[in-house]
Amino acid sequence: MKKFGFEISKGRQLNFDEMKSEKVEKLLELVPSYKWCIGCGGCTAACSAAGFTDFNIRKIHTAFFRAQYEGLDEQLNQCMLCGKCLLVCPRGVNTRSLIINMRRILANVDTVTWRPQRELKSKNEGGNNE
Amino acid sequence: MKTVSIIGAGPAGIEAAYVLAKQGVAVSLFEKSSSPLKNIADKAFLFPNFAAATDIVEQMNRKLLNANITQHLDTDIVGLVHEGEQGWKLTDNRGNSYYSDNVVLATGYTPFDAHRKEELGYGIYNGVVTSLEMEKMIRYNQIVNSMGEKPKRVVFLQCVGSRDEKSGNHYCSKVCCVTAVKQAIEIKKQLPDAEAYIFYMDLRMWGQHFEEMYRQSQQDYGVRYVRGRISEASGTFDGRVQIKAEDTLMGLPLKMTTDLLVLMVGMEASEGTRCLAKAAGICGEYGFAQSTDPHLGDNLTGQQGLYVCGACKRPMSINDVVNDGRAAAFAILEG
Ligand code: SF4
Ligand code: SF4
Ligand code: SF4
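Which chain is which? The protein sequence lines are A and B, in order.
Going by our numbering, the letters in the first sequence line up with residues 56 to 185, in that order.
Going by our numbering, the letters in the second sequence line up with residues 40 to 374, in that order.
Check before you lean on any hint, since a few could be wrong.
[Said to hold, decoys possible] Restricting the straight-line Cα-Cα distance to at most 25 Å, the calculated cross-link-like pairs of lysine to any residue (SDA-like) are:
| # | chain 1 | residue 1 | chain 2 | residue 2 |
| --- | --- | --- | --- | --- |
| 1 | B | Lys-294 | A | Asn-70 |
| 2 | A | Lys-114 | B | Asp-241 |
| 3 | B | Lys-227 | A | Glu-84 |
| 4 | A | Lys-114 | B | Pro-231 |
| 5 | A | Lys-81 | B | Pro-231 |
| 6 | A | Lys-90 | B | Gln-247 |
| 7 | A | Lys-90 | B | Gln-257 |
| 8 | B | Lys-227 | A | Val-143 |
| 9 | A | Lys-114 | B | Glu-234 |
Worth flagging that the hints you see were computed from the coordinates, not collected in a lab.
Just chain A, with the same shape it has in the complex (with noise of 0.2 Å):
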């Protein structure tokens, strides 16, 4: 077949209409501390990771939040689960374990891009994995 060198890009625009929020209800039922955020970006500002990769914890947990979930279970294996980002949140969002539970549901859910769980345990040696 031919190829002509162009492709119709996909749209952008987030569609409300359409979103399919089940694993949005899951996390607010495994982590209620997320119906606070006010998206301050605190969480970001205080993450290590941040300052020397594109990891930004703010924008992941808001693309959940709007059921963008594609790439998101790449993009949360290169948090460190330090915690910083809970120290700072103003809201008293337990940002720790928004992050496990937003892994949780999509290696569980998604089984295309499910890791196996000593992976995501050799990635965090020594910490909690809970």
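Guided by the hints, dock chain B with the ligands onto chain A, whose structure is given.
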């Protein structure tokens, strides 16, 4: 004892009249409508404690009855001029004149006319309503979409006619942020299955308990917040409204269909405020009246015997204006 005329029987004017009358001052209260408290009459609940507006209206009406206040209803004051020895001369729309030593301007605000933001579809699509109309729906337990059905989704848009170069109003109207939070909570109380979204540029929760109310709306009522200004609304074939905005926390444009789009309209100087501030030479910005100093002379005007109070100066909440009416009364008693 000196005589006082108060123009405007809203909460500010009534409070000032009540305090003065209780001190034995001869007070005349002028109101252009046929009844006092027009702007509160259709409200449901008042932030932040969800006090029933009817209670506040009743209590204020009782103040009017329990004090010796001469009321002039249906009397639109259109002229205000100082005439030396005789003091201030008020003229109404029928050409009658009234004289007094002191005048309190309490002519208040008028809601921004949402038709002026044509792109938001008010007056074009039935699903687009103002915050005043939503307040009425809540009060009378009739929250319905354009088809007369219970809405599944309600979207609030902040800062309509405020903080907007295009409307000619650079200022913030102060009360609409918390009003939207209050109304969203009311909607969730009456219709727990409906979704409520609030689109904001900033959420200004300046008063006591406002921030807590915002947090409560997230925690107990699941009200959702999106930072971004809705740029346009259009009608759908089934009588709903489609909106476009940017989700600025995501950095992505968004679209959403909603049963109701509620425009949180701001406050502008009322016709009476504009006309009388001009007549008395105390025009401030945006048609509001100007006091001499925002800190220590906020009820004074620089004109002997002329005082200002309430939302004729700037956007204020109901508790603000009641206190300010009281303050104006004491400024007069001090001389
Ligand atoms: S610091 Fe807390 S409130 Fe702020 S964005 Fe992060 S989780 Fe949300
Ligand atoms: S727990 Fe993760 S997101 Fe939070 S500060 Fe540490 S590395 Fe950053
Ligand atoms: S109070 Fe809120 S909605 Fe009203 S003008 Fe100010 S920022 Fe906008």
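Practice task
Check each numbered hint from earlier against the structure, then list the numbers of those it violates in ascending order.
Solution key: 4 and 8
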